[in-house]
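Number of protein chains: 2
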Amino acid sequence: MNPFDDEYFMKKALQEAQTAFDKGEVPVGAVIVLKDQIIARAHNLTETLNDVTAHAEMQAYTSASDFLGGKYLKDCILYVTLEPCQMCAGASYWAQIGKIVYGAREPKLGFSVLETKLHPKTKVISGVLEEECGLLLKRFFVEKRNLN
Amino acid sequence: MNPFDDEYFMKKALQEAQTAFDKGEVPVGAVIVLKDQIIARAHNLTETLNDVTAHAEMQAYTSASDFLGGKYLKDCILYVTLEPCQMCAGASYWAQIGKIVYGAREPKLGFSVLETKLHPKTKVISGVLEEECGLLLKRFFVEKRNLN
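Those protein sequence lines, which keep their order, are chains A and B. Per the UniProt record's numbering, the very first residue in the first sequence carries number 1; after that it's consecutive. Per the UniProt record's numbering, the very first residue in the second sequence carries number 1; after that it's consecutive.
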């Protein structure tokens with residue numbers, strides 16, 4: 001039995017999403033894993049940094065490449081709590097990431113419905129801890145609505 | 001007569017592309033303009049930074065948002081020497097950029113052929129100084145091939 005399964009790493013991504021939540025950021029978190037080791041952790045920081053490019057995935061790619069000293073992430077897995085958008089899926093094409101595992105679906109602006117081209121070697125798994133990932137997002141938007 | 005036309009600003013983007021070329025980077029340059037003023041300049045730095053997300057446009061968005069103190073670029077124009085990819089077009093969706101003006105076309109991995117969704121308010125103009133922008137890219141790849 002390997003304790004390092006998809007749920008294990010998605011929980012780590014969820015911890016990042018919770019950190020984003022606590023900062024008032026749209027709660028999306030990501031980790032990048034190489035051979036069962038987390039080499040990058042990140043959460044959405046678009047508000048804090050005033051920067052639309054500061055999605056969790058984008059920061060995770062940058063951080064993982066920095067760690068590895070090379071810009072390709074062929075043997076790495078991205079775990080992210082929300083389905084990546086066009087920008088983040090587009091970046092994954094360039095990074096040639098080995099696998100994308102995501103939690104909640106994004107039926108409007110996710111890469112699946114918008115048919116963003118992934119790298120031919122990138123595998124995709126969806127719906128891991130989907131409910132927990134989605135609930136945190138829902139809670140964020142409900143609280144935000146009540147505050148405004 | 002307004003001297004600040006699309007060709008004027010594309011020439012500034014081309015200067016950035018030339019800087020990238022001189023560094024051994026794929027020569028793509030970008031500037032972001034607000035009310036006839038350049039508020040951000042950037043060039044591709046993927047090799048230097050070991051980071052696939054370091055396209056000229058991405059850095060230009062970050063820089064322009066930093067300058068403005070806000071993450072939306074609704075009244076801004078992006079001038080870029082090469083047609084943006086999915087990642088950069090995807091980022092422009094979030095930035096709600098007012099207009100994208102590009103030089104050379106990217107028939108394989110450009111956002112047009114891949115049908116990346118732009119923000120509904122974003123206008124697009126293509127082919128400004130197309131030949132100059134394309135020639136610099138061709139020259140880069142020819143030289144690279146001869147070196148290897």
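Derived by calculation from the structure, the hints in this document are not laboratory data. Some clues are possibly wrong.
No copy is singled out in the list; a pair is fine if it fits within one copy or between any two copies.
To be verified - Here are the simulated lysine-lysine pairs, BS3-like style, with alpha carbons at most 30 Å apart:
#1 K35 - K108
#2 K144 - K35
#3 K12 - K138
#4 K138 - K35
#5 K108 - K121
#6 K74 - K108
#7 K121 - K144
#8 K117 - K99
Note that the structure is a prediction, hence the values are computed from the model and not measured.
Taking the hints in turn, this is what the structure says about them:
no.	hint	result
1	K35 - K108	neither (33 Å within a copy, 33 Å between copies)
2	K144 - K35	neither (38 Å within a copy, 34 Å between copies)
3	K12 - K138	within (19 Å within a copy, 44 Å between copies)
4	K138 - K35	neither (32 Å within a copy, 39 Å between copies)
5	K108 - K121	both (25 Å within a copy, 18 Å between copies)
6	K74 - K108	both (28 Å within a copy, 21 Å between copies)
7	K121 - K144	between (39 Å within a copy, 26 Å between copies)
8	K117 - K99	both (14 Å within a copy, 23 Å between copies)
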